[in-house]
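Participant: Sequence:
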Amino acid sequence: MTKDRLQFETKDSGLILLGSILTLDVNSSEGMNFISEPTLSPINSKQIIMSEESASLMEAARMKTNALQCQYNRPFMIGNYKLELLPSGKVLGGASLFLETKSDSILYAPSITLQKHLLTRKAQLRKAKTLVLKAHSSAHMVNHSIRKEKERLVDWILKIKSTSGVWPVIYTPPFGLAQEVIKTLDQALIPTLVHPSLVGINSVYTSHDFHIGKPGTWSKRSVDDRVLIIPSPVPFGRRLKFMMMRPSALIYDSSLAFESALTRPSNISPFLMDCSPTIGELKDIIKEVMPEHLYIFGAGAKSHMAELKATADNVSAIYKDSQPTLF
Numbered sequence: 001m002t003k004d005r006l007q008f009e010t011k012d013s014g015l016i017l018l019g020s021i022l023t024l025d026v027n028s029s030e031g032m033n034f035i036s037e038p039t040l041s042p043i044n045s046k047q048i049i050m051s052e053e054s055a056s057l058m059e060a061a062r063m064k065t066n067a068l069q070c071q072y073n074r075p076f077m078i079g080n081y082k083l084e085l086l087p088s089g090k091v092l093g094g095a096s097l098f099l100e101t102k103s104d105s106i107l108y109a110p111s112i113t114l115q116k117h118l119l120t121r122k123a124q125l126r127k128a129k130t131l132v133l134k135a136h137s138s139a140h141m142v143n144h145s146i147r148k149e150k151e152r153l154v155d156w157i158l159k160i161k162s163t164s165g166v167w168p169v170i171y172t173p174p175f176g177l178a179q180e181v182i183k184t185l186d187q188a189l190i191p192t193l194v195h196p197s198l199v200g201i202n203s204v205y206t207s208h209d210f211h212i213g214k215p216g217t218w219s220k221r222s223v224d225d226r227v228l229i230i231p232s233p234v235p236f237g238r239r240l241k242f243m244m245m246r247p248s249a250l251i252y253d254s255s256l257a258f259e260s261a262l263t264r265p266s267n268i269s270p271f272l273m274d275c276s277p278t279i280g281e282l283k284d285i286i287k288e289v290m291p292e293h294l295y296i297f298g299a300g301a302k303s304h305m306a307e308l309k310a311t312a313d314n315v316s317a318i319y320k321d322s323q324p325t326l327f
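Numbering-wise, my numbering puts 264 at position 264 of the sequence shown, and it's gapless, one number per residue.
Please keep in mind that the hints were generated in silico from the structure rather than gathered at the bench.
It should be emphasised that the depicted structure is a prediction, and the values quoted were computed from it without experimental measurement.
Beta carbons: idealized from backbone N, C-alpha and C, even for Gly.
Heads up, some of the hints might be wrong.
Stated by the list, open to error - Pair by pair, the computed Cβ-Cβ distance ranges are:
{"#": "1", "residue 1": "S222", "residue 2": "K309", "range": "33 to 43 angstroms"}
{"#": "2", "residue 1": "K116", "residue 2": "P191", "range": "23 to 33 angstroms"}
{"#": "3", "residue 1": "S203", "residue 2": "L158", "range": "22 to 32 angstroms"}
{"#": "4", "residue 1": "G280", "residue 2": "S207", "range": "26 to 36 angstroms"}
Claimed, not checked - Straight-line alpha carbon distances no greater than 30 angstroms define the calculated DSSO-like cross-link-like pairs of lysine-lysine that follow:
{"#": "5", "residue 1": "K214", "residue 2": "K122"}
{"#": "6", "residue 1": "K214", "residue 2": "K150"}
{"#": "7", "residue 1": "K302", "residue 2": "K116"}
{"#": "8", "residue 1": "K11", "residue 2": "K102"}
{"#": "9", "residue 1": "K102", "residue 2": "K116"}
Using the sequences and the hints given, assemble the complete structure.
Facilitator: What follows is the structure, given as structure tokens:
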């Protein structure tokens with residue numbers, strides 16, 4: 001690696017761009033931290049860069065951001081770095097970061113996906129000398145149909161209603177998957193209530209011309225005459241008594257898969273709706289970006305590196321210093 005090429009090291013679940021004030025998806029940072037998608041996790045960075053949509057969604061969820069809110073495809077300068085946010089295609093507000101210097105260019109795309117979804121913007125790519133991808137888990141190695149999982153969810157709900165006479169409870173991440181589920185149930189004409197904490201988030205989707213239907217809002221006075229959608233992750237222990245009273249489902253993606261498998265009660269039916277790209281899609285992304293260097297970080301970095309080593313001249317994994325070689 002030449003001296004002019006930008007270098008990284010891992011911190012928390014993100015990266016530090018060495019020799020600069022920029023950090024990428026780091027939970028706590030002294031510098032300026034780019035956040036690639038809306039999150040419920042506390043962000044302790046003093047200075048934050050995120051898309052306008054992500055900031056709106058997090059504010060709707062009552063999360064303080066204090067962020068520099070950036071529009072897509074509007075380049076701006078921070079010191080000697082030219083930055084541009086591009087839609088990542090995974091979730092509304094999701095963004096990749098394209099960064100240029102006089103001698104280098106980087107596309108940081110931890111949540112990029114080429115899959116077509118109803119409720120997000122199509123992913124955009126840029127040619128770059130360096131491409132950085134995140135491997136959340138080895139679950140990305142196989143094809144997975146969200147459409148079929150939605151169909152299975154609808155069938156499960158209708159079966160629960162016909163056999164037990166009650167509508168179930170559905171726990172789902174609040175950004176992206178919740179709205180996909182709400183729209184799916186609306187199209188299936190299944191009556192739905194949402195937890196009040198989802199109302200503001202849903203309104204952000206509506207304000208950006210993504211129509212998800214008009215579910216009712218749950219209150220303590222509500223009767224159990226509709227499917228109830230509650231945001232997750234939630235401490236299962238606090239809701240276990242309530243969940244045992246009605247059949248329940250857990251919607252999750254690959255980033256929640258390991259934790260969910262360990263903590264969910266056995267009577268909760270799981271539905272995997274993973275928007276992450278398959279190895280084949282990652283290869284298509286690499287071909288379009290045409291990087292000289294490809295870096296992969298995250299829990300599945302080693303397996304992804306083995307699969308993608310023939311797609312770029314130089315492929316490297318960025319490991320945490322504390323991780324054994326198994327990862």
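Participant: Please go over all the hints and tell whether each is borne out by the structure.
Facilitator: Hints and how they fare:
no.	hint	verdict
1	S222 with K309: 33 to 43 angstroms	violated, 54 angstroms
2	K116 with P191: 23 to 33 angstroms	holds, 28 angstroms
3	S203 with L158: 22 to 32 angstroms	holds, 28 angstroms
4	G280 with S207: 26 to 36 angstroms	holds, 35 angstroms
5	K214 with K122	holds, 24 angstroms
6	K214 with K150	holds, 19 angstroms
7	K302 with K116	holds, 27 angstroms
8	K11 with K102	holds, 26 angstroms
9	K102 with K116	violated, 35 angstroms
Hint compliance for this structure: hints 1, 9 are broken, all remaining hints hold.
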